[in-house]
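For reference, the chains in residue letters:
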Amino acid sequence: DAGVTQSPTHLIKTRGQHVTLRCSPISGHKSVSWYQQVLGQGPQFIFQYYEKEERGRGNFPDRFSARQFPNYSSELNVNALLLGDSALYLCASSPRASSYNEQFFGPGTRLTVL
Amino acid sequence: AQTVTQSQPEMSVQEAETVTLSCTYDTSESNYYLFWYKQPPSRQMILVIRQEAYKQQNATENRFSVNFQKAAKSFSLKISDSQLGDTAMYFCALGGGSNYKLTFGKGTLLTVNP
Chain A
1 DAGVTQSPTH LIKTRGQHVT LRCSPISGHK SVSWYQQVLG QGPQFIFQYY EKEERGRGNF
61 PDRFSARQFP NYSSELNVNA LLLGDSALYL CASSPRASSY NEQFFGPGTR LTVL
Chain B
1 AQTVTQSQPE MSVQEAETVT LSCTYDTSES NYYLFWYKQP PSRQMILVIR QEAYKQQNAT
61 ENRFSVNFQK AAKSFSLKIS DSQLGDTAMY FCALGGGSNY KLTFGKGTLL TVNP
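Heads up: the sequence lines are chains A and B, in that order. Quick note, the first sequence lines up with residues 1 to 114 if you use our numbering. Quick note, the second sequence lines up with residues 1 to 114 if you use our numbering.
It is worth saying that the hints were derived from the structure and are not from the lab. Note that this is a predicted model, so its numbers are computed, not measured. Keep in mind that a hint or two might mislead.
Derived SDA-like pairs (lysine to any residue); straight-line CA-CA distance at most 25 Å [unchecked claim]:
#1 LYS106/B / TYR100/A
#2 LYS106/B / GLY40/A
#3 LYS30/A / LYS70/B
#4 LYS55/B / TYR100/A
#5 LYS106/B / SER98/A
#6 LYS106/B / PRO61/A
#7 LYS70/B / LEU83/A
#8 LYS78/B / GLY58/A
#9 LYS73/B / TYR100/A
#10 LYS106/B / SER86/A
#11 LYS73/B / GLY58/A
#12 LYS106/B / VAL38/A
#13 LYS78/B / ASN101/A
#14 LYS73/B / GLU102/A
#15 LYS106/B / THR9/A
#16 LYS106/B / LEU83/A
Given only the sequences and the hints, what does the whole structure look like? Please build it.
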């Protein structure tokens, strides 16, 4: 079975631009979470979606938004990019909306903002 | 607020030896889960081991075991018979309660030397 997939693998943007990152969960998983991992740090929670509804939001500005589609795939959007948004963006899926279950991580999208 | 602290940024061990990674946490939740995740260089993050807070028995997965001290809010990972493939960044994470996020520590970079 395919694991969590993310696209694109790498992305280079300039300050002020907009970016969309995509994630496909493991088949049968209905929950998708997004994390930001700055170099040398642990992942920071951004959002969790379950059954197309936002179930949790981390301490990130409104420039960050996400949505989940009927097939449970998800998009993370970041507007007005700042240099500090440069990071590895991780998507994780799990069968249900909770932080009790194992979360299965994708390979991440490496975003560089110049 | 939930916090996770990993006080060892880097550690090294000789192949076949045993190493222990430290983690302390803080939470106001009565029911929570603790995790150790492994992130090999340029590879996906995977779950190593999980501990349910209400279980007194320490979790064990093959060469990996934990020492869970609930009163001290300590959750260390012991790796026995270290192998070269254990070289990775190890993250301690805390989940549970009413929120849906995992809170990660900053990680410990473990290098296994031949």
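Consistency of the hints with the structure:
no.	hint	verdict
1	LYS106/B / TYR100/A	20 Å, holds
2	LYS106/B / GLY40/A	7 Å, holds
3	LYS30/A / LYS70/B	32 Å, violated
4	LYS55/B / TYR100/A	14 Å, holds
5	LYS106/B / SER98/A	22 Å, holds
6	LYS106/B / PRO61/A	22 Å, holds
7	LYS70/B / LEU83/A	40 Å, violated
8	LYS78/B / GLY58/A	31 Å, violated
9	LYS73/B / TYR100/A	18 Å, holds
10	LYS106/B / SER86/A	17 Å, holds
11	LYS73/B / GLY58/A	23 Å, holds
12	LYS106/B / VAL38/A	10 Å, holds
13	LYS78/B / ASN101/A	22 Å, holds
14	LYS73/B / GLU102/A	21 Å, holds
15	LYS106/B / THR9/A	23 Å, holds
16	LYS106/B / LEU83/A	21 Å, holds
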